[in-house]
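> First residue of the sequence shown: 1, per this note's numbering; consecutive thereafter.
One thing to keep in mind: the hints can contain errors.
[Unchecked claim] EDC-like mimics (lysine to aspartate or glutamate), calculated; alpha carbons at most 16 Å apart, straight line:
hint: 1; residue 1: Lys127; residue 2: Glu116
hint: 2; residue 1: Lys183; residue 2: Glu26
hint: 3; residue 1: Lys174; residue 2: Glu26
hint: 4; residue 1: Lys183; residue 2: Asp145
hint: 5; residue 1: Lys6; residue 2: Asp210
hint: 6; residue 1: Lys52; residue 2: Glu77
hint: 7; residue 1: Lys6; residue 2: Asp18
hint: 8; residue 1: Lys183; residue 2: Glu30
hint: 9; residue 1: Lys127; residue 2: Asp145
hint: 10; residue 1: Lys94; residue 2: Asp78
hint: 11; residue 1: Lys94; residue 2: Glu77
hint: 12; residue 1: Lys183; residue 2: Asp78
hint: 13; residue 1: Lys94; residue 2: Glu70
hint: 14; residue 1: Lys170; residue 2: Asp145
hint: 15; residue 1: Lys28; residue 2: Asp51
hint: 16; residue 1: Lys28; residue 2: Glu179
[Unchecked claim] Cβ-Cβ distance ranges computed for the label pairs, FRET-style:
hint: 17; residue 1: Ala60; residue 2: Pro159; range: 37 to 47 Å
hint: 18; residue 1: Lys6; residue 2: Pro66; range: 53 to 63 Å
hint: 19; residue 1: Gly109; residue 2: Tyr19; range: 40 to 50 Å
hint: 20; residue 1: Thr164; residue 2: Gln64; range: 35 to 45 Å
hint: 21; residue 1: Lys174; residue 2: Pro59; range: 36 to 46 Å
hint: 22; residue 1: Thr75; residue 2: Asp18; range: 46 to 56 Å
hint: 23; residue 1: Thr114; residue 2: Tyr194; range: 40 to 50 Å
hint: 24; residue 1: Thr164; residue 2: Ile136; range: 23 to 33 Å
hint: 25; residue 1: Glu11; residue 2: Thr67; range: 45 to 55 Å
hint: 26; residue 1: Lys28; residue 2: Pro119; range: 17 to 27 Å
FYI, nobody ran anything at the bench for these hints, they're computed from the structure. Glycine included, every Cβ here is placed at the ideal spot set by N, Cα and C.
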Amino acid sequence: MANSLKMTRPERFRRFLDYFTTNFPEPKTELAYRNPYELIVAVVLSAQCTDKRVNQVMPALLAQFPTAAELGAATAEDIFPFIRSVSYPNNKAKHLAGLGRLLMTEFAGEVPSTIEELPRLPGVGRKTANVVVSVIYNQPAMAVDTHVFRVSHRLGLVPKTATTPLAVEKALIKYIPQEAVPKAHHWLILHGRYVCVARSPKCNACPLTDFCAYYTKGMGSLSNGSKGGNA
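Let the hints inform the model, and build the full structure from the sequences given.
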C-alpha cells in the first residue's frame, strides 16, 4: 500500500486509463438528448441538479419548446412551470429564454461548436461549454464538475495545488491523450457519482484502490487506530 503514495503521476494516469479503457470503453452521459439543442438545454438545467431530475422534466419541456425558435419566443414565465422541480428554476428559466433568443439571433438556431462561442449563451459557463463540445463534437475538452474535481484529487491524478476547476482541467488534460479526454470526463463523473461519493466513499467496492492516494492514506490512518477512509 505504501508504494501507491510513491507512484508517479504519469503512472497513476496509466493505471486509470488502462482500467477504464478495458472495463468501460464507451461511457456515455446520463442526460437524455437527441441533438445539440436538447443537450445544451439539459446541461443548463443540470447545474446543481441530478441528471435523473433533468431527464424527468425534459420531455414536457421539449414538447412545448422543441427547437431554439420556440424557446427563443418564450418568456421566463412561460418556461418556469416546466422546470419548477429543478434547482434554481427562476434563474434557469431566464437563462433558457435568453439562450433560445441568442441561438436564433446570433447562431441561426444552431448550437455553436467552440469553447469561445458557447459561453456567450446565457447560463453557459466553461463547464457547460466543455460538456457540449466533448459530448456532441467529440473535442478533447474536460468539463470539471464536483465529481471530477473530487475524484481526480482523491486518486492523486492532480496536485493539491489544483484548487480551481480550471486548474484541475489543465492538470488532467496534460496527461490524458486527446482522443481519451471525452471518455475520461465520463469515467470520472460516473465513478464519483456511484463509487467515490462525497460522503462515505465505497472504497470496499472500488477497483482503483491499488493506485488511489486517498485510499492509501486512509488505510494508513486506519492502521494507526483512527477511523480513516471516509474523511
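> So, for every hint listed, does it hold in this structure?
Consistency of the hints with the structure:
no.	hint	verdict
1	Lys127 x Glu116	holds (12 Å)
2	Lys183 x Glu26	holds (7 Å)
3	Lys174 x Glu26	violated (22 Å)
4	Lys183 x Asp145	holds (15 Å)
5	Lys6 x Asp210	holds (12 Å)
6	Lys52 x Glu77	violated (24 Å)
7	Lys6 x Asp18	violated (19 Å)
8	Lys183 x Glu30	holds (13 Å)
9	Lys127 x Asp145	holds (7 Å)
10	Lys94 x Asp78	holds (10 Å)
11	Lys94 x Glu77	holds (8 Å)
12	Lys183 x Asp78	violated (36 Å)
13	Lys94 x Glu70	holds (14 Å)
14	Lys170 x Asp145	holds (14 Å)
15	Lys28 x Asp51	holds (12 Å)
16	Lys28 x Glu179	holds (15 Å)
17	Ala60 x Pro159: 37 to 47 Å	holds (44 Å)
18	Lys6 x Pro66: 53 to 63 Å	holds (55 Å)
19	Gly109 x Tyr19: 40 to 50 Å	holds (41 Å)
20	Thr164 x Gln64: 35 to 45 Å	holds (37 Å)
21	Lys174 x Pro59: 36 to 46 Å	holds (40 Å)
22	Thr75 x Asp18: 46 to 56 Å	holds (51 Å)
23	Thr114 x Tyr194: 40 to 50 Å	violated (32 Å)
24	Thr164 x Ile136: 23 to 33 Å	holds (25 Å)
25	Glu11 x Thr67: 45 to 55 Å	holds (48 Å)
26	Lys28 x Pro119: 17 to 27 Å	holds (24 Å)
Checked against the numbered hints given earlier, this structure breaks hints 3, 6, 7, 12 and 23; the rest are met.
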